[in-house]
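J.: These are the residues of each chain, in order.
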Amino acid sequence: MQTPTIAEAAALIAARKLSPVELVEHCLSRIEALDGALHSFITVTAERARSDARAAERRMMAGILHGKLDGIPIAHKDIYCTRGIATTAHSKILKGWVSTEDAHAVKLLADAGTSMLGKLATHEFALGGPPFDLPWPPARNPWNTEHYAAGSSSGTAVAIAGGLILGGTGSDTAGSIRSPAAFCGIAGIKPTYGRCSKRGIVPLAFSLDHAGPMARTVEDCALLLQAMAGHDAADPTSVDRPVPDFSAGLGRDVKGLRIGVVSHWHETDHTVSRAVCEGINRALALWRDQGAEIIEITMPSLFEYQAANVVIMMSEAFAVHEARLRTRAEDYGKLLRQRLVLGALMRSADYVHALRRRAELCAITARGAAKVDVLVTAGAPAEAPRIDSVPAWGDLAKPGFNHPFNITGWPAMSVCAGVGEGGMPVAVQIAAKPFQEATLFQVADAFEQASGFRSQRPPLTA
Amino acid sequence: MIRTSREDIELLIRRAGLSLPPAQIDEIHAGWALVEPMLNRIRSEGRGHASEPAHVFRAEAAGRVVKDSEAL
Chain V
1 MQTPTIAEAA
11 ALIAARKLSP
21 VELVEHCLSR
31 IEALDGALHS
41 FITVTAERAR
51 SDARAAERRM
61 MAGILHGKLD
71 GIPIAHKDIY
81 CTRGIATTAH
91 SKILKGWVST
101 EDAHAVKLLA
111 DAGTSMLGKL
121 ATHEFALGGP
131 PFDLPWPPAR
141 NPWNTEHYAA
151 GSSSGTAVAI
161 AGGLILGGTG
171 SDTAGSIRSP
181 AAFCGIAGIK
191 PTYGRCSKRG
201 IVPLAFSLDH
211 AGPMARTVED
221 CALLLQAMAG
231 HDAADPTSVD
241 RPVPDFSAGL
251 GRDVKGLRIG
261 VVSHWHETDH
271 TVSRAVCEGI
281 NRALALWRDQ
291 GAEIIEITMP
301 SLFEYQAANV
311 VIMMSEAFAV
321 HEARLRTRAE
331 DYGKLLRQRL
341 VLGALMRSAD
351 YVHALRRRAE
361 LCAITARGAA
371 KVDVLVTAGA
381 PAEAPRIDSV
391 PAWGDLAKPG
401 FNHPFNITGW
411 PAMSVCAGVG
421 EGGMPVAVQI
431 AAKPFQEATL
441 FQVADAFEQA
451 SGFRSQRPPL
461 TA
Chain W
463 MIRTSREDIE
473 LLIRRAGLSL
483 PPAQIDEIHA
493 GWALVEPMLN
503 RIRSEGRGHA
513 SEPAHVFRAE
523 AAGRVVKDSE
533 AL
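As given, the protein sequences belong to chains V and W, one line each in that order. Here our numbering is used: the first residue of the first sequence is 1, the next is one more, and so on. Here our numbering is used: the first residue of the second sequence is 463, the next is one more, and so on.
Hints may be right or wrong, so weigh each one.
[What the hints assert, rightly or not] Chain W regions said to be covered by chain V (calculated; three or more residues, Cβ under 8 Å): (1) 481-492; (2) 496-503; (3) 512-520.
[Unchecked claim] So, partial list: chain W residues that the calculated Cβ filter (under 8 Å) puts toward chain V: (4) 475; (5) 478; (6) 509.
Hint data in this document are derived by calculation from the structure and do not stem from the laboratory. All C-beta atoms in this analysis are idealised placements derived from N, C-alpha and C, irrespective of residue type, glycine included.
Sequences are here, hints too, so could you generate the full structure?
T.: In structure tokens, the structure reads:
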């Protein structure tokens, strides 16, 4: 059996043509067969998944399914706290620590009936990676295990692309959902800041961290976000506003929508590969053919967003880890330790300058996008590089395409846009105005459906 | 712009209460060279005195009661 999408599995379960128990066993067999090479899991909770699946099967037989996620096997990035199950943040620092509570998003997805298969690899504390000096190895790209899966939600992207799970959770502070989604050929959305509660998720940088779902398709991401979104009074950054039907626009064309493309980002600020450029152009052509208006717009350079993002992220991250860095520096992996120390070198005034710049960039971005419904840019600059060629300082040397939407908090998602010359996926990124995820899903789904890339899968044999 | 010297980096690391071997300080010095241009970008001489940062203190949130279990 080929691992189905969430939507496909949900339809089969609703029709009693697929057993949630059999679906979990299928995933467990793929984990057993493939994860020795992929390293996507830190902890596999086979008995928990089987128990969840049996409960879902009873609901299926009784005709009382909780919804489209009932009986769907998922797993969580290992910075999401799980009651009674170790949460490591992929770090020796937290090894053996077991939370007494589920993260809010973990509880919501459990309440929706999902079967929890375990905890997934990440960069250490969502920042230090790919890590080679930690108790667990970095996740490997299923399209070619010699290649990087990006980060930090690497395990989630790898497990989904490899068909080990149907969906999962990620977090995104500077692209950590969208970059691995892009490199692994799946879909991932960073919702609007405040749309999903961060309670119970180990922080990287409080004011930039976003929780969000990852899955094979846009449609599946919409289903997962439907369960994850909503106000949480216990998270001070959670926003109290209605959650719309994120699937409402799926399957519809984009006639009448205005799509902005910021060409200078991918042509000048950070030149992308030919395959990525072709992917963007292909998406624009498809939307134009469906009746959308394509509008060229100008924004601040990517370097501006990167500067504010990096200074805020490093300052906040150092504050989170300062005490442990002083007493247990040797227990951190080298990459994370070095990156955290950069935050120690920044001045308090630098942090405030970055926050003031953030406010300015939010205002400029809103003005620049006033006449469009969504923005389009690259998901990543090129195909995934070899994992042994990733520079120690990560993405500091060149500005990323993700930073504008962590700085502004706008929802943004990565969608597969084909396969490049090296045989690895490339992606486009689509962003919408705050709390306009439904429009974002509509535009992304229109491209995904028309392009046919959603059916592409990595060459794995279980 | 004056480039931060390796000695300055070592001093700042020590002031932060951290103890790192010399080789790691060398590497951090190299990484800091990528961050310094970013610091210049966010420092604007033209910014007004009253320009507020992106997130500010809000009094209504200050009275929120937090359960012990919410603290990670």
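J.: If you look at each residue in the stretch 512-520 of chain W, do at least three have a Cβ nearer than 8 Å to any Cβ of chain V?
T.: holds (count 5)
J.: Verify this for me: three or more residues of the stretch 496-503 of chain W with a beta carbon less than 8 Å from a beta carbon of chain V.
T.: It holds, with 6 qualifying residues against the three required.
J.: Per the CB criterion, is residue 509 of chain W less than 8 Å away from chain V?
T.: 6 Å, holds
J.: Three residues minimum, CB to CB under 8 Å: does the stretch 481-492 of chain W make the cut for coverage by chain V? Let me know.
T.: Satisfied; 6 residues make the cut.
J.: Tell me if the interface restraint on residue 478 of chain W is satisfied: Cβ within less than 8 Å of some Cβ in chain V.
T.: This hint holds: residue 478 of chain W lies near chain V, its Cβ roughly 4 Å from the closest one there, short of 8 Å.
J.: Have a go at the residue 475 of chain W hint: is there a Cβ in chain V nearer than 8 Å to its own Cβ?
T.: 6 Å, holds
In this structure, none of the earlier numbered hints is contradicted; all agree with it.
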